[in-house]
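Asks: Chains as they are written, first to last, in our numbering: chain H, 1 to 335; chain W, 336 to 670; chain G, 671 to 871; chain Y, 872 to 1072.
Check before you lean on any hint, since a few could be wrong.
Some but not every residue of chain W turned toward chain H, in silico, with C-beta under 8 Å [what the hints assert, rightly or not]:
#  : residue
1  : 337
2  : 343
3  : 395
4  : 527
5  : 529
6  : 613
7  : 616
8  : 618
9  : 628
10 : 657
11 : 661
Treat the hints as calculated values from the structure; they're not laboratory data. C-beta atoms are modelled at their ideal positions from N, C-alpha and C, and glycine is treated no differently.
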Amino acid sequence: MKKILNSPQDFVRETVEGICLAYQGQVKMLNDDFRMLVRADNSRKKDKVGIVTAGGSGHLPVFLGYVGEGLLDGCAIGDVFASPSASKMADLIRACDSGKGVLCLYGNYGGDKMNFAMATEEVEFDDIKTSSVLVTDDIASSEDFAKRRGVAGMVYAFKIAGAAAELGYSLEEVATITKKALENIRTMGVALSPCIVPTVGEPTFTVDEGKMEIGMGIHGEAGIEIADIMKADDLAQLIFTKIDRELHLKSEDKISVLVNGLGATPLEELFVLYRKLVELCKSKNVSCVLPHIGEYATSMEMAGCSITIFKLDDECLKLLEYPALSPFYTNNNLF
Amino acid sequence: MKKILNSPQDFVRETVEGICLAYQGQVKMLNDDFRMLVRADNSRKKDKVGIVTAGGSGHLPVFLGYVGEGLLDGCAIGDVFASPSASKMADLIRACDSGKGVLCLYGNYGGDKMNFAMATEEVEFDDIKTSSVLVTDDIASSEDFAKRRGVAGMVYAFKIAGAAAELGYSLEEVATITKKALENIRTMGVALSPCIVPTVGEPTFTVDEGKMEIGMGIHGEAGIEIADIMKADDLAQLIFTKIDRELHLKSEDKISVLVNGLGATPLEELFVLYRKLVELCKSKNVSCVLPHIGEYATSMEMAGCSITIFKLDDECLKLLEYPALSPFYTNNNLF
Amino acid sequence: MKTKECIQYFERIKTEIHKNSAKLVELDQAFGDGDLGISMDQGFSSVVEFIKSCEEEDFGKYFMQVSKTFNESAPSSLGTIISFGFMGMAKSMKGITDAKLSDFQEAFKKGLENIKEKTGAKVGDKTIIDSLEPAVNAFCGSGNQKEALHFANEAAKNGMEETSKLIAVHGRAAYHKEKTLGHIDGGAYVSYIIFKALLND
Amino acid sequence: MKTKECIQYFERIKTEIHKNSAKLVELDQAFGDGDLGISMDQGFSSVVEFIKSCEEEDFGKYFMQVSKTFNESAPSSLGTIISFGFMGMAKSMKGITDAKLSDFQEAFKKGLENIKEKTGAKVGDKTIIDSLEPAVNAFCGSGNQKEALHFANEAAKNGMEETSKLIAVHGRAAYHKEKTLGHIDGGAYVSYIIFKALLND
Ligand SMILES: Nc1ncnc2c1ncn2[C@@H]1O[C@H](COP(=O)(O)OP(=O)(O)O)[C@@H](O)[C@H]1O
Ligand SMILES: Nc1ncnc2c1ncn2[C@@H]1O[C@H](COP(=O)(O)OP(=O)(O)O)[C@@H](O)[C@H]1O
Ligand SMILES: [Mg+2]
Ligand SMILES: [Mg+2]
Ligand SMILES: [Mg+2]
Ligand SMILES: [Mg+2]
Chain H
1 MKKILNSPQD FVRETVEGIC LAYQGQVKML NDDFRMLVRA DNSRKKDKVG
51 IVTAGGSGHL PVFLGYVGEG LLDGCAIGDV FASPSASKMA DLIRACDSGK
101 GVLCLYGNYG GDKMNFAMAT EEVEFDDIKT SSVLVTDDIA SSEDFAKRRG
151 VAGMVYAFKI AGAAAELGYS LEEVATITKK ALENIRTMGV ALSPCIVPTV
201 GEPTFTVDEG KMEIGMGIHG EAGIEIADIM KADDLAQLIF TKIDRELHLK
251 SEDKISVLVN GLGATPLEEL FVLYRKLVEL CKSKNVSCVL PHIGEYATSM
301 EMAGCSITIF KLDDECLKLL EYPALSPFYT NNNLF
Chain W
336 MKKILNSPQD FVRETVEGIC LAYQGQVKML NDDFRMLVRA DNSRKKDKVG
386 IVTAGGSGHL PVFLGYVGEG LLDGCAIGDV FASPSASKMA DLIRACDSGK
436 GVLCLYGNYG GDKMNFAMAT EEVEFDDIKT SSVLVTDDIA SSEDFAKRRG
486 VAGMVYAFKI AGAAAELGYS LEEVATITKK ALENIRTMGV ALSPCIVPTV
536 GEPTFTVDEG KMEIGMGIHG EAGIEIADIM KADDLAQLIF TKIDRELHLK
586 SEDKISVLVN GLGATPLEEL FVLYRKLVEL CKSKNVSCVL PHIGEYATSM
636 EMAGCSITIF KLDDECLKLL EYPALSPFYT NNNLF
Chain G
671 MKTKECIQYF ERIKTEIHKN SAKLVELDQA FGDGDLGISM DQGFSSVVEF
721 IKSCEEEDFG KYFMQVSKTF NESAPSSLGT IISFGFMGMA KSMKGITDAK
771 LSDFQEAFKK GLENIKEKTG AKVGDKTIID SLEPAVNAFC GSGNQKEALH
821 FANEAAKNGM EETSKLIAVH GRAAYHKEKT LGHIDGGAYV SYIIFKALLN
871 D
Chain Y
872 MKTKECIQYF ERIKTEIHKN SAKLVELDQA FGDGDLGISM DQGFSSVVEF
922 IKSCEEEDFG KYFMQVSKTF NESAPSSLGT IISFGFMGMA KSMKGITDAK
972 LSDFQEAFKK GLENIKEKTG AKVGDKTIID SLEPAVNAFC GSGNQKEALH
1022 FANEAAKNGM EETSKLIAVH GRAAYHKEKT LGHIDGGAYV SYIIFKALLN
1072 D
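Chain H on its own, in the form it takes in the complex (with noise of 0.2 Å):
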């Protein structure tokens, strides 16, 4: 196991102890629990709709990177690749409600969807007002919307829910948006090569030299198939056409791309990806803004990517450049 960690057991503690230490001004533990992650100034919180996510560890910045301003107000988070509790969730919400409700914004993972159902009826009894709110963009998943894994589409959704809760929407604006959205959010991702759950300390699938599995999940989750590595070309118009089955982009659509390193991945590669996009939009007349090109979502050492479309009417595309700021995460960059 080639890894740079301490034990095991100690992994996903200390590195949230890392995180806490490195930007202290910026994000904090909740209760001096480190599975809990809420803005720094959380105590003398914004009068504005709360946004919180939860999920396993082992994806960052994907889940804790995104705590900050213009984002998450709170995240939870449990071992790699498995979900935090119910009962740190319902704590999380307790301390991210301002009094305007809290959207819960996560990924469609049974664990996770379980311990939410549980925690959000937990915190009804205090009178909390919550909404939920699954991402599902992962399009090799399942041919049902609703039963599809979130993956890195989650990046966009945390933006856009985050920017309406900074604009003032109320939970239910907040979640309506969020949802339409999402509505046109698509991603397709492939692995190259697998990664190491640290207390099981050895792959728990192989990809064969020369191959690539298309569609795989981001825990490792079976794809579409296994099929030869093939050309960054192919690649990005295989994803591209699967998509736009679904999005049905047309002349004078505006897109947000992100390309996603899922861990192992160099940037370079993601960048010889985006162009082949931008050609491909190019011949639909499709404009690309504001892409995200970069580890967004990972899967720790994983190699492999995952293109992510982001539709944007009029409303999504402000929502989308109103300034952001986590230490993980920031748009003033990008335009």
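Guided by the hints, dock chains W, G and Y with the ligands onto chain H, whose structure is given.
Replies: For chains W, G and Y with the ligands alone, coordinates are given in the frame of chain H:
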């Protein structure tokens, strides 16, 4: 070869084309040549000292990623891990001179050095003043400071030089403060797995399972020793001690730490290292400000990391904090 | 029966789960993420740890705390599903300090109901329900504890085995649809282990 | 001799370099980055490509363009060092359109000098100089071209072989210090190949 690219020969060009398409408003090729990148506003450039660098591809965000406000004015790149030619450097220097001269700031590698020597001689004919500062921060590469390789510490050097130029320092002053900064910057790294130069197609070195190479260079130059993979805390301690032996950190000193991922190492692990480094600093009453944790200087898909320590005086701290903005780097979300 | 007397039952479940941990990992690896053995191990050992020092006499509050403890240490899908079960039991046993068999039978029903309500899963969906529902029904079919557990055990086993003929529609396994045919569901196997441990034959 | 007649010499060097490309990679891999065969291949084939369509008759301007072409396509350490060599030759042959042996002898000396000035390397440092300097000296030791090239070839070979007794102090190999003993320097080997190709025995 688990890479997402088209032909290895087109890799660098297509990467740069992708970057230029993504960040049109910010950077562009010089003379439509993908081997030279300048700021988009290069034609109406500010009356200030120009800062340029050059080096091999495969290290993103180094070098291209640091062309931006308060950073570099231009950058020339060669093939993966290879210097660009002198004529590109010369064209770049000419394009980045506003009459106040140009600082050539680059890593201490044979090819880059020889080519810059040829280029600066060439632009002398055009009466362009240049000054050259070599980055030699890798303590593992030689006992002799002047013979050391330049690695991740060059990111701090770019930041300092860029800010100084922006603040109106003269060429001599920019060179002096950058050298002073570099005297207080030290780096050491470890590699856990190799990387593959696309045109070569297979790893040029190997690191056995369970082993790490301490002090390995960013192109796979042999390190000090091959050791068993150690705990993160021990690794942090080892590197901190080696660096401290040269920087002589003492009570009330201020430092900035750059924990840099080489490519395949998850962000989580870098924070585990940072956590320990802060602990080590606390025990010496040294304070850590403005940490840089992430992938700042990579070797494609190499697994491993480097730790850079920058001992700050008031001037360097001010310059480090000075705003900087490129598509790949900003410090406005770091404090 | 007092709350204190529950320890032996939980101990038995914990031991049996631990023995089968590798088997559960294997079952979950087929179409899930392979953590089932680990999370169940964690969940039940934390519960045993907790109840050893728990002085609560009210079965309602007792199971509520068991539910929380289990969820805290095993917040995976099945971990949370089982916590929903304990929560249902807690609601049903509120105020009871000396429980009869019929109290437990009622509690098991309520636990099952809560799980079904929260997950939306029903018999035939290839989940823990396929073993749990027949087991709970069988458990309620006798006034004699030994016999009730014996029936439950058998029903749990049959239900578990039946899952190999089903297609998954919930959880990670649902992504694999028809491919899940011929494989036993890990959650159903957990239910089988629990009833086997309770019977302690 | 006219500039046009240089083509055959460059063709021979290009061919010989190409034949030895794997050998050069191997030598450079020991203590360098292993690109020597590739960059030399690129450099000399670009030069051959270029001079085929080059109408320049002034040897000074001709070698200046050769230097630029070589550096553009092979901007590695040794590529740039060789470009410095061509540049020295260019300065020495400015204005000459019909070159005699003595002109070339002078040009080789100036090329060597320029390399030494720019790199700071000298004989004994385990670089190309260890083969190039004795070769250039030998080349200047006869008024007969065939004989001059023969001497040069021998000196280049000896100098190349001698590098295995030396410790590297320049370039990437310098990081390895004593470990470089026993290995032949890749740059010196390139010099040997060049003179071997020029002799064309
Ligand atoms: N929606 C659901 N309803 C009922 N049972 C479910 C549901 N989702 C998962 N399960 C059960 O949980 C088991 C998987 O549990 P677990 O390994 O904890 O899931 P994960 O690791 O995906 O969170 C399945 O075998 C199935 O029996
Ligand atoms: N400073 C120097 N002076 C003279 N020769 C040098 C110097 N540095 C390198 N060389 C020569 O160049 C050869 C390596 O060339 P090359 O592979 O192009 O280097 P790199 O790949 O490191 O840029 C060495 O074998 C040596 O002969
Ligand atoms: Mg799981
Ligand atoms: Mg090289
Ligand atoms: Mg599982
Ligand atoms: Mg080399």
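Asks: Each hint needs a verdict: does it hold in this structure or not?
Replies: Status of the hints after comparison with the structure:
no., hint, verdict
1, 337, "holds (4 Å)"
2, 343, "violated (11 Å)"
3, 395, "holds (4 Å)"
4, 527, "holds (4 Å)"
5, 529, "violated (11 Å)"
6, 613, "holds (5 Å)"
7, 616, "violated (10 Å)"
8, 618, "violated (14 Å)"
9, 628, "holds (6 Å)"
10, 657, "violated (15 Å)"
11, 661, "holds (6 Å)"
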